[in-house]
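Trainee: Given the structure of chain A, go ahead and fit chains B, C and D onto it with the hints provided.
Line by line, the protein sequences give chains A, B, C and D.
When you line the first sequence up against the UniProt record's numbering, it's residues 1 to 333, in that order.
When you line the second sequence up against the UniProt record's numbering, it's residues 1 to 333, in that order.
When you line the third sequence up against the UniProt record's numbering, it's residues 1 to 333, in that order.
When you line the fourth sequence up against the UniProt record's numbering, it's residues 1 to 333, in that order.
Don't read these hints as lab results, they were simulated from the structure.
Positions of the beta carbon are idealized from the N, C-alpha and C atoms, including for glycine.
Be a bit skeptical, because a hint or two may be false.
[As the list claims (entries may be wrong)] Here are a few chain A residues that face chain C, going by a calculated C-beta distance under 8 Å: (1) A40; (2) I43; (3) P126; (4) G127; (5) A130; (6) H257; (7) G258; (8) L259; (9) K260.
Protein chains: 4
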Amino acid sequence: MVNIALIGCGRIGRMHAELVQANPRSRLVSVHDVNPDAVAALIGDAPVRAAASPEEIFADPDVDAIIVASVTSTHADYIEASVAAGKPVLCEKPIDLDIARVKACQAAIAGSDVPVQIGFNRRFDPGHRALRDAVSAGEIGKLVQLIVTSRDPSPPGRDYLTGAGGMIRDMTIHDFDLARFILGDDEPVELWATGAPLIDPGMADIDEIDCAMIVMRTAAGRQICINNARQAPYGYDQRLEAVGSDGMLQSTNRTPHGLKRFGAAATEVQQPYHTFFIERYRDAFVAQLSGFLDKVSGQDADIPVFDDGLKALALAEAAYRALSSGKAERVEI
Amino acid sequence: MVNIALIGCGRIGRMHAELVQANPRSRLVSVHDVNPDAVAALIGDAPVRAAASPEEIFADPDVDAIIVASVTSTHADYIEASVAAGKPVLCEKPIDLDIARVKACQAAIAGSDVPVQIGFNRRFDPGHRALRDAVSAGEIGKLVQLIVTSRDPSPPGRDYLTGAGGMIRDMTIHDFDLARFILGDDEPVELWATGAPLIDPGMADIDEIDCAMIVMRTAAGRQICINNARQAPYGYDQRLEAVGSDGMLQSTNRTPHGLKRFGAAATEVQQPYHTFFIERYRDAFVAQLSGFLDKVSGQDADIPVFDDGLKALALAEAAYRALSSGKAERVEI
Amino acid sequence: MVNIALIGCGRIGRMHAELVQANPRSRLVSVHDVNPDAVAALIGDAPVRAAASPEEIFADPDVDAIIVASVTSTHADYIEASVAAGKPVLCEKPIDLDIARVKACQAAIAGSDVPVQIGFNRRFDPGHRALRDAVSAGEIGKLVQLIVTSRDPSPPGRDYLTGAGGMIRDMTIHDFDLARFILGDDEPVELWATGAPLIDPGMADIDEIDCAMIVMRTAAGRQICINNARQAPYGYDQRLEAVGSDGMLQSTNRTPHGLKRFGAAATEVQQPYHTFFIERYRDAFVAQLSGFLDKVSGQDADIPVFDDGLKALALAEAAYRALSSGKAERVEI
Amino acid sequence: MVNIALIGCGRIGRMHAELVQANPRSRLVSVHDVNPDAVAALIGDAPVRAAASPEEIFADPDVDAIIVASVTSTHADYIEASVAAGKPVLCEKPIDLDIARVKACQAAIAGSDVPVQIGFNRRFDPGHRALRDAVSAGEIGKLVQLIVTSRDPSPPGRDYLTGAGGMIRDMTIHDFDLARFILGDDEPVELWATGAPLIDPGMADIDEIDCAMIVMRTAAGRQICINNARQAPYGYDQRLEAVGSDGMLQSTNRTPHGLKRFGAAATEVQQPYHTFFIERYRDAFVAQLSGFLDKVSGQDADIPVFDDGLKALALAEAAYRALSSGKAERVEI
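Isolated chain A (complex conformation):
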């Protein structure tokens, strides 16, 4: 049984708390949030401690491992403190919006073997992972192209957007990580990007875009395209397409259930896709926790680590440079 502490009781923190408590291998023992009401609401009458501070958690000998789901600006600090305390940490993405801060964090934890896992949950989606496994197993021969389609059901509010670091650092960063996950050792070295507020032109007011296409080239010359939009009224659109010399693989969308309608105007009509990431990626979040518990328990685990967080951010940085320059930009780390 792994005793878990949680820092951050917002929407995604509450989901982590539920998953920890539902997992037979883990137990939620301590929770902190800057808002005590959020802590009290999350705990209810369960036998979980309300920690007065993050420091109380880092020092708590009863805590085996930590999940960080607080605001982005605290992530690097809490990773450093977890590692210093010798406690494995699962931290939501991104590590920080400022790549310099990420590199400082990298230096601070260098040499430690305390597990640090970054919350790239999509790596754990059963369909996406099966695609990766099939690519790795050579099912489609040489991989030559990868298309990542990633569209949110609807844009977040302006409040969220102003602190999120821009669509590419906030949303596309998942797709960069997923591409790297599929590609294995052959890293993207160059990219080109186009982006604009096409759906809601008013986003120009906050210097934000809502549609983007990014093309990347790996060291071996493989071609990757990422298609992003902040609004997809038909639901959360999350697909992968891997093309190889011998075949193709697609990780496709799922509807909530299997009803199909047939009428005078249309056939094979299905429901809209899930409209919330917690529903769409529920299996992935469960498997993500399972991977973390494996790692905490000293087993092998195929999980995204600190370096993955840094590299995804480096791709986002290159994409912003490309948006400004109109040229292909090299990826620099």
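Mentor: Quick look at chains B, C and D alone, frame taken from chain A:
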């Protein structure tokens, strides 16, 4: 080049004429219909003779083979005349509504080796035939169940219905033949049927039904279900499902083209299916003619013969007895 | 919070225990099984009592409601005892293999308003329920035909089969209930059945069948077909098709995840379906418990009740009569 | 009846001849090819003239319209000659590999109202056209992204490749045209491209690529991605995806027929897609001819004209510049 004569210039006759002319192996040379205007309209300015009578066709040395698409009551006569004239004949189904007349026709042509092909076009549908081939090749192990779904887009008019011999002789007869085609040597020996005018209760006035379910058992015990309806607003619904000890096969419906729509209310929305048998079974009609031309040319051809027309009608007879008796009825030939 | 006691710690009992503990509205407080080891294994170190007898559970004032997952022969007794104790009960199907015993149980609990829910979990499948709702809402006009496809991945062992009461009482009973769920007030009044051990002829030794087709007619004349097989190597095949005057609805199978493969030999290749009822109907079992908790808490709940268990068994009885007589049989209750 | 002459009797020329003869509105009257044997083989015993030279065709008063299916280097000359002769012409793409020659041809025919149609057959694919119509009708709100997937089943031989002007002028040119067809008046103004011989590295010997991704931006900022590969073992992969503020549209691939296989290893298994453009786009070629006949007959027709050939080539030119420069390039005409 096979010189073809056509008797009957109605809707399906016109389709046969077009297919014969479009096929590089056949040529339409002569046409007859009781309505001279229909003949003139079909011929246009093409170099095709308007035969004054069927007899003129049977006697015409320039005619290699005959397609009969006239009214059902003439089919048996024209089959007999074609065979007597030594001319291969492709005759629309059914051979006759009266099984006694069919048996008399059988006796009349007994011993002849002039090819007689019955217009069970669905045997030539590429999906249905691929299913039959896969069953025959043992892909699903032992075949144990067969489900035939066959629903018309909309009911024919009362005029047609009163002369059609009842839904089961007119429509289900195709499904009986298709089942026999899939089953091979293991013939249905018993069946039970339920039918009623559920969609249009007014059909009771003409003693007609519009929905039926028929379950058959073969000599080896295999189970077959036929689901029929005279109205399917979503289009022509024509499916086969074969279940075996090792797997399942489905021959599914096709939409006219590959557009899919995704919106706030629905995803994967496709077009209605074809609403006309000539569109739905176009490939089948083309392949049916090809099979006839093969046979006429002395090649092997996997085609439905006279005996298939008789056996399908015997199944329809048994179904009508079952509808009356409420009991399982033996198939008698 | 509803305090639940569980009687029966077999495969399905363990699943119920997990669902009760994972549900924020319920808590598992007491467990009994004839095998104390099974109880100990289920409880582990959780704060749950091991009840020495079912009677201890019926008498326990801390128990709000009971789930019965013991062997079939105990179901009626435990339903009677639960009702006598004033404790709502969710009992696995069937109530009993002997319809006389079921009727005696019905008489014994007559007049009580203690909730009795029968474990027809498939009513809670999101796709099946959405189909029912769409039919009820008139989306397809008048319902005229219903096709229930229900095939198990692989047959149970001989030990199970000899005590299960025959395939139709054990397996088809779910399909009878599901048909009644879709049909609403218009009950099946007549049916005809064919069944045989087609996949494993050796089943004849224990007088068992492995394939069946059953056609039913309702009071209003609607037509229902149930297709059953005990072996479907492609996975658990669980589908509904409802045909109406204005359209069609299908509740289709789902694969475990969304990967599709495309190669030189095939396209759109998906995974086999789930091969275990707990995976296939997981959402349904969760919703079934939620319905029970609603009912226990005094809320409205759309759940299968005792009468549904009796009526499904009456359909199974009629089916066995039809298998013997070869005739359509009336449904008698 | 439109009298058609054909110049060029290669693979695609023979297909045009068949379509012309099968169409009730057209008749093939004259054919020319540099290879008299090809002419003789095409004509057979049909009443069609073998023209000794293209000039004979341009001068023939019995010829109403001309189809040019000869080698690319002759296209511009024959367009000019057809226009000079006052005969409508349907010319295969591309107009020429050299954009200067195309502009000279444009100047030569300027001011004429003789119809010139370029063989961008994909505009006539029923799925692609239905997508365009739905976009134009505002079904998905504001169009923001368009993804064109276009992969050939297998690469052409080296002989073909050396004369084809490079993959982008030969193959992608169809996708440029299709994108322009969907986009309407909002033309692509800038693009970026990456391409490499990833499947067959040996193509580097002839300076050829076999995989490419091209991202375009229109004047209004819309984003287009084209994914190309010269080898797709699963069949001809031809898809469109249009994303709008209110929904999404996909024009998807079709398999040759509707058989699906289900077994222990896989479900929903379909056939490979068509492996030849004539099969895949048969409906499109038929509709293309119909559009040409409409135009020749003086009716309105939504067809690709000379200017579309020039603009598609201009996009190809920009793509080659981008491949060299590694920068986004402006489209220049």
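Trainee: Each hint should be assessed against the structure and marked as holding or not.
Mentor: These are the hints, each one checked on the structure:
1. Annotation: A:A40 was flagged as interfacial toward chain C, and the flag is violated, the nearest CB pair being 16 Å apart, outside 8 Å.
2. Evaluation of the A:I43 hint against chain C yields a violated restraint, the C-beta minimum of about 13 Å exceeding 8 Å.
3. For the restraint placing A:P126 at the interface with chain C, the shortest Cβ-Cβ distance is roughly 4 Å, inside the 8 Å limit, so the hint holds.
4. With a least beta-carbon distance of about 4 Å to chain C, the hint placing A:G127 at the interface is held under the 8 Å criterion.
5. With 8 Å as the threshold, the beta carbon of A:A130 comes within range of chain C, its nearest partner Cβ sitting at about 4 Å, so the hint holds.
6. Interface restraint check for A:H257: the shortest CB-CB distance to chain C comes to about 4 Å, inside 8 Å, so the restraint holds.
7. The beta carbon of A:G258 comes within 4 Å of a beta carbon in chain C, closer than 8 Å, and the hint placing it at the interface holds.
8. Against a cut-off of 8 Å between C-beta atoms, the interface hint on A:L259 holds, since the closest Cβ of chain C lies about 4 Å away.
9. The interface hint given for A:K260 is met, as the beta carbon of that residue sits about 5 Å from the closest beta carbon of chain C, less than 8 Å.
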